[in-house]
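2 protein chains.
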Amino acid sequence: MAKKYVYFFGAGKADGKAEMKNLLGGKGANLAEMAGHKDLRLPVPPGFTITTEVCTYYYANKRKYPPVLDAQVNLALKKVEQIMKKKFGDPNDPLLVSVRSGARKSMPGMMETVLNVGLTEKTIVGLVKKTGNERFVYDSYRRLITMYADVVMEKAAGIEPEEGQGIRKQLEAILDKVKKERNVKSDSDLGVADLKKICAAYKAKIKEVLKKEFPDDAKAQLWGGIGAVFASWNGKRAISYRRIEGIPEEWGTAVNVQTMVFGNMGDNSATGVAFTRNPGNGENQFYGEYLVNAQGEDVVAGIRTPAPINKYSQSDHNKHLAILSELMPDIYKKLDNIRKRLELHYKDMQDIEFTIENGVLYMLQCRIGKRNGPAAVRMAMDMLKEKLATKEDVVVRVTPSQLDELLHPIIDPKTEKTAKVLAKGLPAGPGGAAGQIVFTANDAVEWRKQGKKVILVREETNPEDVEGMRAAEAILTARGGMTSHAALVARGWGKCCIVGCGDIEVDLHQKTMHIKGGAALKEGEWITLNGTKGTFYQGQLPMLSAAEENKLFNDFLKVCDSVRTLKIRTNADTPSDAAKARAFGAEGIGLFRTEHMFYGKNSEEPLFRLRKMIVSKNVEERKKALEELFPYVKKDIKGTLEAMDGFPVTIRLLDPPLHEFVPHAKEQQEHLASSLGISLEDLEKRALSLRESNPMMGHRGVRLGVTYPEVTEMQVRAILESTAELLKEGKKILPEIMIPVVCNVAELKNQEELVKKVYAEVLAKFGLKKIDYLFGTMIEVPRAALTADELAGTAEFFSYGTNDLTQMGFGFSRDDIGGFLPDYLNKGILPVDPFQSIDVRGVGQLIEMGIQKGRSVRANLKVGICGEHGGDPASIEFCHKVGMNYVSCSPYRVPIARLAAAQAALKDKGKKAKKSK
Amino acid sequence: MAKKYVYFFGAGKADGKAEMKNLLGGKGANLAEMAGHKDLRLPVPPGFTITTEVCTYYYANKRKYPPVLDAQVNLALKKVEQIMKKKFGDPNDPLLVSVRSGARKSMPGMMETVLNVGLTEKTIVGLVKKTGNERFVYDSYRRLITMYADVVMEKAAGIEPEEGQGIRKQLEAILDKVKKERNVKSDSDLGVADLKKICAAYKAKIKEVLKKEFPDDAKAQLWGGIGAVFASWNGKRAISYRRIEGIPEEWGTAVNVQTMVFGNMGDNSATGVAFTRNPGNGENQFYGEYLVNAQGEDVVAGIRTPAPINKYSQSDHNKHLAILSELMPDIYKKLDNIRKRLELHYKDMQDIEFTIENGVLYMLQCRIGKRNGPAAVRMAMDMLKEKLATKEDVVVRVTPSQLDELLHPIIDPKTEKTAKVLAKGLPAGPGGAAGQIVFTANDAVEWRKQGKKVILVREETNPEDVEGMRAAEAILTARGGMTSHAALVARGWGKCCIVGCGDIEVDLHQKTMHIKGGAALKEGEWITLNGTKGTFYQGQLPMLSAAEENKLFNDFLKVCDSVRTLKIRTNADTPSDAAKARAFGAEGIGLFRTEHMFYGKNSEEPLFRLRKMIVSKNVEERKKALEELFPYVKKDIKGTLEAMDGFPVTIRLLDPPLHEFVPHAKEQQEHLASSLGISLEDLEKRALSLRESNPMMGHRGVRLGVTYPEVTEMQVRAILESTAELLKEGKKILPEIMIPVVCNVAELKNQEELVKKVYAEVLAKFGLKKIDYLFGTMIEVPRAALTADELAGTAEFFSYGTNDLTQMGFGFSRDDIGGFLPDYLNKGILPVDPFQSIDVRGVGQLIEMGIQKGRSVRANLKVGICGEHGGDPASIEFCHKVGMNYVSCSPYRVPIARLAAAQAALKDKGKKAKKSK
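Sequence lines, in order, name chains A and B. Okay, so the first sequence: first residue is 1 according to the working numbering, each after it adds one. Okay, so the second sequence: first residue is 918 according to the working numbering, each after it adds one.
Calculated from the structure, these hints are not laboratory results. Do not rely on the hints blindly, as some may be mistaken.
As the list claims (entries may be wrong) - Cross-link-like lysine-lysine pairs, in silico, DSBU-like; alpha carbons within 35 Å at most:
1. 1341/B to 623/A
2. 1674/B to 62/A
3. 516/A to 1341/B
4. 1666/B to 911/A
Computed from a predicted model, the values in this text were never measured in an experiment.
Use the sequences and the hints to build the structure in full.
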């Protein structure tokens, strides 16, 4: 038997069903389901779907169809004719059809549609007779000619006109001309004579431009339409859309041929779209709009204001219009009944399209409805209660970015739509923020004290700006990438931030920001940032805020927790960050950076002492400075350990190159020099000797610990003494000492000896028999991953520092990628910024290799991630897949991570279930 | 049967043989060979070797011996007694023995020796009677007591005295005191009574200090000596020596117990050392020295000047002394005969020790003799002619560092020995050089013009210094590592260079160089550098030069060529470098750096145009600047391609970050700004925008080619047009276009399109049908190695850039490792600077993985290396092993590489032969 290429649906029957999306496309599968499933059997105009396999065949065989297709189409068409009791091409009572694309995944506007197929000089006569509505018929004919000329004929002629130069525009010009002659504004004001004249002019124009006659044969039109849909799969727009969305070329599209029904046949006709629940807030209410006497495209086009289908759907814009439930109560009742059956059947909110033709309701489409974040959470939790959804369903119903919407205020989308984008940078910290421009950290602090909201605009930020960054509503920088200083700090605080905005130029002297090819903004002017998109606007745009303390939100995350296996930790450097992260559900700290206490609030004293240590000339001076520094370091560590009582805390020893801490300001340099009793010149010399060409790969991390063992010892003492004191208070403290930038097991052994020495000293001092702690390493240098089997002999845990691993894996300095990354993304050389989402193909190999090698030596090796990727859902899925124990991210990303981890667990379970079949 | 732990030798028989070095140690194996091999049967004093397995057992069993050892030693000792017709410990005619260490690999001075074992109060009497030489006997006794106390008793007591505070010093003090009392200078002037008194005083001192009696029992002495040798295997000195030399701990040492023979029994006794050929120049002449009436240690100690064994061995220092061939002609004849038999047997030059006791010749040691570079080459080639050696032997007889000696002038070793080292840095460019200090590149050029020899001393060098570096005899820098700018440039020219000398401080203002804890040297003062060691000296030391054009040298390399399979290319950027490398045997260019034309001589014009290109504001400006630049780029490329006629030339497209070329000098900046018609301020802004935090991982390599496609096109055009022109002249030109810093196949595809476009244009312009060229990539970013299978789909060749691969693999910035690398090497965290020799364990994995993945997709993928490692013998061996097609190194390293490649091929063959057995 020949392969089945054509699937019929209609009149309570269907060859296909919802599960056959790959073969029938989304639209076709749902039409079959609605028409044929025994629980539904909805009034779907009959039709048939030509499968995606025909598309594949078509491209594999020089744009030819399988030989059996013609017969199968004819057979399906005959079934439709029998149901409709009309014949396609019949001069007396012609059947009209639509021809629509329908891929596996919706590609809105990317492929072609032809409506009213089957209208010819002959069938027009029959249709007029049958409908008694000549105007309607010629209007439909005009639409067919326009679409067909544009979609089928121009493409087939191989013409690729410039934007706005195509045949459609030329036909529209004719229409405009007639309207002008007739002095009318709307198409609907044109009469039958006008339309007839227009149709004739259209056909002449087509002949003139495309050198072909508009086909006056129904079958020719049908096959023209089918061919146009298949051809559009490899149209320019579709190809670039697929590239962006990652849709494989071989998927192909299906073609849906369906009986035309008309919402534009008079006042007892209408067309509409609706959602089975409110997609804006998730309430369990039928929500939608419709237009009387209109076709589907009219609702979308926005020429007339659509009316609400019920009271619930009323708004300020449409409350003067008649509601469907009152205008056509019977039809509305039927529709509401369909709504309930669809939800019960699909167990999720549906987005539906319907048409009422002469008082008869038809369903034209149904699909899972899009929704915003708050709505997604509410619907999921409601459906769990309504037993429409299981726990597993709930977890996959909300995307991480939807959840993120609940965590930050956002610019009111309606206002933003109409606002002019001043410039675009990298979206480094999510949410929206408005404020007055300031150009220095000091100004940010000062203005804030005066109660003003400010946006800190900088060329790029450095650790000395941190106070100002905290004071600002948001940060905007001209340079730097997604993991630049500004981006890291802002994300850590959940603060709105845009970085690497190459189109702005900061003139610090004039306190002015110049925008490329645009205006200059001065200090004090208002701007509004969208940190989720990376765009910003002049003036103060209104904000919407999604409640942070939201019961549904927390309940939803508890459902996620019940599903996930990956632990979620946080990156936190202060007791208050730790407390906040705990509130968000963090189960420990994956990264405490000892150096961060030198950046933050109240950092003056410890920073000064750190600087003394750094510019010490010899071990004695250094040890003295370290003694002074010790109490500060210990205080922060102890506070954080206490805040995480009961959970593990990974403390990374001093990581950055020392030069980063040398003061730049003359005043501070003089203070430092005088306190050390050395000349400013000597200080400068010492600072100069610390300067490096490529500090990222310089004297930092464990390399500092090897050359200055006393620095390691001081930190380890602070950790273990804090732990000892808290243990004595009865707390459960689980410190994990982590060595950064390791590339070699010998480094680890060298540091382990120091740790053991201090450990023995602390035990003695506190009279303890033991303190539980783990000793481990960051894996952030490629060589560490390559020699992970050696490292695991000494390290009890690995924590992947994927920021640096990505830097070194790619050879990309994250501070400098601004020069080429935009080009790389635009040209499709990189699908995504690898500092945002783990590069599974390359860096991922190192990660997987490291875990395998490590566990080959130490089976119970604890493995986590503490780079920025720990808060990225795709990366979290990868971390789950390769068998990590936990991910760690900034406090504000903890909820996202809980969700992503749950989704990863379900996906993995699904895969395993599939495999075991 | 019990395991054999003791191997006898003597009287024409031996249990062991030369091949048993692992078991018997080098010394023991050769003693057995000399004594027992049927072709030799030399007069070796009988004795026995306790195997290295006993050493292993000893350490595995808490310093106990295998139970059977005692019996086996007694049995062997009995054999010796039978031959010597004396008994150990016999009061009438005692046998005396020496106890010496002997590891697999010679560890000179690292382990212990005890001579004259068996002398006790009782045996002294018998020996005096037997020899009639009371003075000799007590002198021997004194030596035994000293050695035994030092080597056995002090160590056993667990005392670790400070340097110069041990028992040996205390005993020597007694000797000095007696000499003073007796008013004599030399030990030999002391009489029997003095010696008796000294022996008594020694024993008393030992009792006092070590709380134990000196053992008066022969067997006790013997076992004490054996134990001391085994214990010394894990002495501090031995451990640190093993670490440096990479000798595994488990090898262990053997112990050789051998009948004492005495060269100090009167004027018909003597002792000497000799080489079967001259180790200084390789001539086939017997060469050695001896001392009458002396023990072996006296020759080494240098108290008396040894005499030459024959006329050939005479020198200015010893020509007044009697030569052995005249003093004892019969003995000399015997020795000369032994020399010939040894060479015939061992087929290599031997280093021998002999003793003449009362007119009887004994052989105490033979081993492969050390030799310098010129000697090694001459001996190898001579022996090939003499059929003593095969081609394969010849190749392994010369080490790469010996060959290197022939390539550079060196400081006269005799003078250098006595010169005071001023400071030490990293040995970046080999050989020696003397000159007057200058501190700027300009001064170097100026002084040189005046005919002066100068050493350029800089904090660190940058591309603007290149002219001065070329003018200087040598370069000395305070900062930078083995692959810093100075090191790379100097090595490329084969120029003497020391970098990263942290002990010097350059005061450019005062034109003075301060040496830590030492003097200051001013401009114009003479210094002499040893770039092979990294040391430098005050004043002008004399130089020796090994001829560069040396027939033997070339013949030797031809032998190497006949053995190797790896091709040797060179890194060259100019026609003259290319010509030089061809003369050295290069078979192509593995790395031509397009940017290097902007550094070298006559770079002013092209550099200026490059700078114009760099600071261009837009594509139009840039294209104009590129057009101006084109002729310069093409000229160098064409000249180099022509110089390599018949060989492939790999041309790497522009690699460094553009900022590197921005002028620093105000004057040049002004010139540039005015030529562009922009303000100095604008220029500075543009330059600032190019500055990067970590330029090594910034906007460079292919990233430039992606963002500025016109830059790639210009270079490709220069390559292909040059090739086309030369092809038309009938030359065989094989360009290989190489894309640097690739991390992603999409980058490569992007550049390939540009290449193809230009290719088509050039074909059309020259009316050619095709031009043979290859398109390939550097593998220098870890991700490139990880995704090599993807890259190989597009790249026709891979060239490993191991400098950058090491930088990113380790996360070591080579410009900044000065801060920690010395510590890493000292603390044994790294066995060797990974920029000098490929880190096989880590970076090597990436290399191997890349080759395997690459060839899995493209079986005939051409693979080479163009990093600095291409000239390092150990790295070359690795490159051979992993299946590379070629290595590429600086012209002066080409001969070394030819040798190393040959040795690698032999080693590999040997391994395969072994495996197939």
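Going down the list of hints, with the structure as the test:
no. : hint            : in the structure
1   : 1341/B to 623/A : holds (28 Å)
2   : 1674/B to 62/A  : holds (28 Å)
3   : 516/A to 1341/B : violated (54 Å)
4   : 1666/B to 911/A : holds (34 Å)
Violated hint: 3 only; the structure is consistent with all others.
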